[in-house]
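Enquirer: Residue strings, one per chain:
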Amino acid sequence: MRSEHTTTSRTQSQFRIPHSAFRISGWAGGCALALVFPLIHPHPYHLDVLTTAGVYVILALGLNVVVGFTGLLHLGYAAFFAIGAYTYGLLNLRLGWPFWVGLGPAAMAAGLSGVLLGIPALRVRGDYLAIVTLGFGEIVRIAVTNLEPWTGGPNGLLGIAHPAVWIPGSGVYAFGVESMPYYYLVLAVAVSVTMVCVRMGRSRVGRAWAAIRDDELAASCCGIDTFQLKVLAQGVGAAIAGLAGAIFAAKQGTITPDSFDFILSVMILAMVVLGGLGSVRGVVVGALVLGTLPELLRGFEQYRMLAFGAIMILMMRWRPQGIFGHPPSSSGVSHGRAAA
Amino acid sequence: MSVRFLWALLLVLAGCGRQDPVVKLGFVAPLTGDQAPQGQSMRNGAVLALEQAKARGDILPGYRVELVELDDQHSPTQAVAAAKKLAADPDVVAVVGNLNSSCTMPASAIYYQARMLQITPVSSNPQISRQGFDTFYRTCATDDLQGPAAALFVARELGARRVFLLDDMTTYGRGLANEFKKKLRALGAQVLGHEGITQGDKDFTPLLTKIKALAPDLVYFAGMFPEGALLIKQRAEVGLGGRFMGGDGLFDPVLIELATPQAADGIYLTTIGSDVHRIPTAQEFVKAYEARYGSIGAYSAYAYEATSIALWAMQRAGTKDRRAVLAAMKTLHDYPGLFGLQNFDERGDSLIRDIGLFTVKNGKFVFLKTASWD
Amino acid sequence: MGLTSSILMSPFHLLLQQLANGFTIGAIYALIALGYTMVYGVIQLINFAHGEVFMVGAYLALTALLILGVAQPLTGVALAGVLTACVALAVGGCGMLGWGIERLAYRPLRRAPRLTALITAIGVSFFLQNAVMLLYGATDRRFPAFIPARRWEWGGTSLTLLQVVIWLTSGVLMVALQMLVTSTKLGKAMRATAQDPNACRLLGIPVDRIIALTFALGSGFAAVGGMLFGLYYNTVNFHDGYLTGLKAFTAAVLGGIGNIPGAMVGGLVLGILEGLGAGYLSSQWKNVFAFVVLVGLLVFKPTGLLGERVADRA
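Residue numbers (this note's numbering), protein chains in the order written: chain A, 1 to 340; chain B, 1 to 374; chain C, 1 to 314.
Heads up, a few of these hints could be off.
[To be verified] Partial list, derived from the structure: chain C residues whose beta carbon lies under 8 Å from chain A:
id	residue
1	ILE46
2	PRO108
3	LEU115
Simulated from the structure, these hints should not be mistaken for lab results.
Idealized CB from N, CA, C, for every residue including glycine.
Please put together the full structure from these sequences, using the hints given.
Expert: Here you go:
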């Protein structure tokens, strides 16, 4: 697809040392600020908003593997989030598994469903894939609502256990409704996922994904098993969403099917695009911006979502390529195709 | 920063200094999004309650009482964020909210931990008050009363033997329909089927055509009035006979307008509490509300009641302190509310458990009687 | 509506009734799907705000009725006059809205990556929804039925005048659009823009104006869909664009996005699938049923029913 010249020259940053050094110091600074923030500003509401935004960061990073790295448009990503949340919720309520034990299976269940969806769905190309994934998202949400004996139906799952940690010297500390422990939990997971994503983007697999994104035909001519790699991307992205789902379920204690609707899938996609497709730091920033904005706009009361919509439009006019995306090259891009 | 700005700042600060200190009452409901109609009619009730209390002077003396309205968009995540926002604001001593049980449930844990009085006007899921939170109160009856009351009426008085159930696949709708079904089966009536519809959907003719082929004596719908109105109207269009009954989610005059008075004629519905229009103690509210906002929404009166009680507890506490407000709430006895003398049980559930029974005649809700649930 | 027990229908007439019901909602989906498909055909953009334009169309038609004070079915000249006023306000207003959205929100992004416009579309969607909520209130509004309530019955199967009106409007508009695209100068310019906008510019085709016109035209179709939707269900809500827009988008893809007869076929197939799903299987699983068929179809025929292979995105 010709339009993709706009976003190709991305992975060569390691050759520009000053830029790279700047980038690393940016990451380090961001992490340091995130670490000390709750200590200098222990405001539970602000921490809760940031924790929720952190869950969005994890989700956006996962979707970025699918959409940003590999170029597969996915409109049902909230389904994997739901599968992770319900897997942990059910393992906890039915089998009494604690959070730390349930986290792995939640990610695995979501990852597996990503692979299982991918095997038939990735035969479909381009925008048709978007509608297949959208359909999948709706199917999962409606199934969760309707399978009342297992999922609690519209009531959802109530009383899911919060995490607990063992601290040497002071025994077991159980998370309650306090914001701070979740903040650090989400921060730790988000940082780990970010590191994994950065590494993955630069790895052999990551380069193969980029090749598929830029030109699938050329990639397969180079001997890349495009189908297998696309399924892998879907699986990895879904597993990350499953991780986020388990954390979300543990934080909320209650999950209901309406937390996982199409709007959520679209919002996560918007975070990825706003940050800059394929750019890990862009995605982190995009998720933080769109995740906190509705709370920041509370002062507008009824006009809140109106303002939110207007800001989304203006942001894209201001930086059409995303906050950290590369500006479109002026050569070789045909007008109409690039537009769409 | 200019000198003029500093002067202005100083003036503002001086202005604040002269006024009474602020004490806030939180209010959380879906004010935007698909449930905005219900949330906004609740907000109107809450605003009215505060204004009337102020006019009467029934507020915490020496303070300026403010209502902090927060939107939860009927999302549990946003309900938790809103709860934390209120909990973190030392000026907020109590909260009225939320609408949806799925939001009230996770939020109640945060208010409990913050030792903050929470009164939900209408979240009717029985589970919420069984968590053992002494901060939780509610002014409405729970679904395990309304459902059985409707079933008793259907089986004993309407004599319906073959019933088809519909709900809107929400916490509220499914919960109510299940309670109805349980009691109906116990009474020996036959449930021909139980189906869910999607909120926001408009076309129920395929489903109603299917039900028509089963020829039930009655169709019961547990859900909200926008879908209820379409079901009632389309039921007439496809020629589905038999009777139609619904829950309190239908109790909004807009239902009759949307469904057309002809199609709505003769339907039955239950409400939590009896008709506010008929309760002598509620007349002042009815007049004031209708003069200002038009027709009373299904939940306006409950929001009014919950807000009035929260304001009473704040006044009773006599000080801007959450624990004092909570302690004052526990002393509540025979509060003269909209629906009569209000008292709460040890779980925080209202002891006014009247289930009203209505029908529609000539485009108006007509009160039949107070229904019993056993 | 009496309290008499229903008359039992024969399975054949039941099926016929379900098909007629599905066909009607399918025809409305098709009208909205035309807008998705036209815009996609010309600039490969999924205009997610299109569902909201449809909703605005319903509200504009309602506004015309409120201004004229229409409350019950009309006949003759009055009917024609009201219908004209409704269509004029809804189509005119939505056409301008579509044009404005393209001009202000999408045109500045022509050279940006493909998905950028998606966020803008979501932004426009939020904006329009909430603007309508603030202007008209959050509660559902009654949409007066001004078409005479004539109905025909055949062995328990009934058909209303309005249903026939919806079928005819949808069919006529689709054929007109197809003719416009295949055999007028404007249509030729649209097809040329779809193929190669740069070459079009060289040939002196006003590409920007053609694209804006495509948006306006698609929005006009959505407005007609909105008016018929209001007439059929008699209620409108600011949230209506979401679910119906999603379904219409699905219909456009099902038929083969970018293909005008495809949008029609997709809309009708989806409407009938939903009708049969809710009528014979289960109402609460009807969307699952529709989507399973859709996914299955796309897996075996990855370009939709009548479509061509489309661009890969992101």
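Enquirer: Tell me the numbers of any earlier hints that the structure contravenes, in ascending order.
Expert: none
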